[in-house]
Amino acid sequence: MAQELFPYAEAASTQPKGVPGIRFTYENYKELPSQRARNYGGIRLVYGLTENLTAAISITGSNHHLKKFPSDLSYYFQKHHQKTFQQNPYQVEGLIASLKYKFLNLDGHQRHFRMSLMGSAAKSFIPHDGAEPRLGDNSGADGAWIATLLIRRFAVSLTNGYLFPFKYKDESQGYSFKSGNCQYLHLSFGYRLIPKAYSGYSNLNVNLYVEFISANYEKATMTVNGQPYSFDIYQNADKYIYNSLQSGTYTEVRPSIQLIFYSTTRVEMGVASPILNQSYLHFYPMYFVSIHKNFFKQKNNKLKVVSNK
Amino acid sequence: MISFFFRFILGLFCFFPVVSKAQFVSATLGINGLTCSMCSFAVQSEMERLPFVEKATLNLNTNIAEVLFKTDQKVDVRQVVAAVYKAGFSVGYTEAIFIFDQQTVSDQFVFYYEGFNYQFLKPAQEILNGKTTLKFLDKKFLRKKAYNFWAPFIKESSRGKTKADLKTLYHVTL
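Just so you know, the protein sequences line up as chains A and B, in that order. Per this note's numbering, the first sequence starts with residue 3, numbered consecutively. Per this note's numbering, the second sequence starts with residue 1425, numbered consecutively.
What the hints contain is simulated information worked out from the structure, not anything from laboratory work. Don't take each hint at face value.
[To be verified] Take a look, some chain B residues computed to stay more than 10 Å from chain A by CB distance:
1. Glu1470
2. Asn1487
3. Lys1498
4. Lys1510
5. Ile1521
6. Phe1524
7. Asp1525
8. Tyr1536
9. Pro1547
10. Ile1551
11. Asn1553
12. Ala1570
13. Lys1585
14. Ala1588
[As the list claims (entries may be wrong)] Taking lysine-lysine pairs in the DSS-like style, the calculated list, with each CA pair at most 27 Å apart, reads:
15. A/Lys299 x B/Lys1498
16. B/Lys1546 x B/Lys1559
17. B/Lys1479 x A/Lys299
The C-beta atom is built at its ideal place from N, Cα and C for all residues, glycine as well.
Please build the complete structure, drawing on both the sequences and the hints.
What follows is the structure, encoded as C-alpha cells:
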C-alpha cells in the first residue's frame, strides 16, 4: 500500500479501523514579482472509524491572505503581489472535515483495486481573492470519487471531484466574494523503488510519485454594497491578477519522493510545476514537504523486527 | 421407510458433535491486498492484540501470516480473520493446526472444542492422530472463488440449524 500513499491525492484505501494518524503539510513558493516567501501549513488528524470509513479533520494556516479585504479594493487587487504592499500576516485560515467511504474492495495476491467516495466541508476565516477555490482558503463543500489500482510495487489512482465554494461576506464593508465552482481531476502514479524484497519492518521504503493535477473552474464574482464589482479594470493593469479572477483550466505536475521509516512514519517532498496553463493558487515552482505518522496499538509497545529471508 | 428411518438417525448423529480432545496450536492465513510493510504492520498489530494470540508473524514478501495461540485461552479463528479485515485487507485462505487423538472423521462429522463446533465437509474417512491441518471454508476465510465452490455444501449442511448454532459452527476440510 505504501506506493499508493500519494503526497497530494487521496487514495481509495482507508485508514485501518481504530488507528489514528497525524499529518503535517508544508508548502513554500516565492511570490512574483515581490520575491516574498509564501508559506502554508496544515495539520490533519485521521482516524479509521470502520475498515471502510475514515474521518479526518484539518486546520490550515498561511501568510497568503489578509485578515479581510481592505477598503481600497482597486489598490489591493493591483498591488498585493508587489514588494511595496504590506506583508500578509500568518494566521489560521480554515478548518476542514472529511469522510471517506470505501465501497469497493477487490483484493488479490499482492494487488488490489479499490473505490471510494469522499466528502469534505470547510469553514474559512479569511477572504480568498482568486477564482480558483481551495477548501480552507474558501468555506465550501467538496465531493469526489476515487479509484486506485495497486499491483505489486506499482500504483495508479484517479480522483474526480467537484468543489463548491461558499460566498465570503464582509458585512461591515458591504463586500461579498465568491470563487468559481471547480471540477478537478487527479491522476497519480506511485512506484516502490526499494526495498525490492523485505527483510523486516525496519526496512526503509523509498517510493517515487508523479501526480497530475487538473482543474477547471468558473470566474470569481464580487459585489460591493449589493452591486456587481467588475474585474475588467485590471485587464490592462496586471494581466496575472486579471487572469486569476477569470475562469480557467490548467494541469500541473507534482513529482515527489517518499521515505517510509519503520513502517509507520512517512516523509515526502516534491515540487509543483505547470504543464498546461497554470494554477493561480500559487506561484511556481512550489515546494512541498509532509510528514505522516500512524499510531498502531501494539500489545507490547515494541516493534517486532521479523526476518523474512 | 426403514432406510429413511436409518438415514434420519444417521443424520442426527452426524450433527451431534463429539467433544474433542484436540488442542488448537496455530493458524496460517494467506493475506490478500498487501504490497508493502506499512499495511502488513497494520495487519500484524491487529492480530497480536487478540487475547488468545501468543505471537503473530507476517512474511512481508509472501504475505503469509503465522499465528501461534496461547494454550490456556479459548481460541476463536473468526476473530483472527476479522483482524485482517479490520486492517483493511482480506483473506485468501485460512488453515489451522489441531492436535487430534485417534479421532475418526468423515463427511459431515462434527467435533466440539472450547465453545465451537467444527463440521467436516468432503474429507475421506480416516483416523486423525497428532498434528493435523484443517482448512476453513466459511465466507471471508478464503478467497471468493474458492468459497463459491464450497458454498453449496455449506448451505446444505446448514439446513435445519438455528442462527445460534451457525454462530458457533465452522466448516472445515482436510
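Hint by hint, here is what the structure shows:
no.	hint	result
1	Glu1470	violated (7 Å)
2	Asn1487	violated (6 Å)
3	Lys1498	holds (18 Å)
4	Lys1510	violated (4 Å)
5	Ile1521	holds (20 Å)
6	Phe1524	holds (30 Å)
7	Asp1525	holds (32 Å)
8	Tyr1536	holds (29 Å)
9	Pro1547	holds (26 Å)
10	Ile1551	holds (35 Å)
11	Asn1553	holds (33 Å)
12	Ala1570	holds (13 Å)
13	Lys1585	holds (28 Å)
14	Ala1588	holds (26 Å)
15	A/Lys299 x B/Lys1498	holds (22 Å)
16	B/Lys1546 x B/Lys1559	holds (12 Å)
17	B/Lys1479 x A/Lys299	holds (15 Å)
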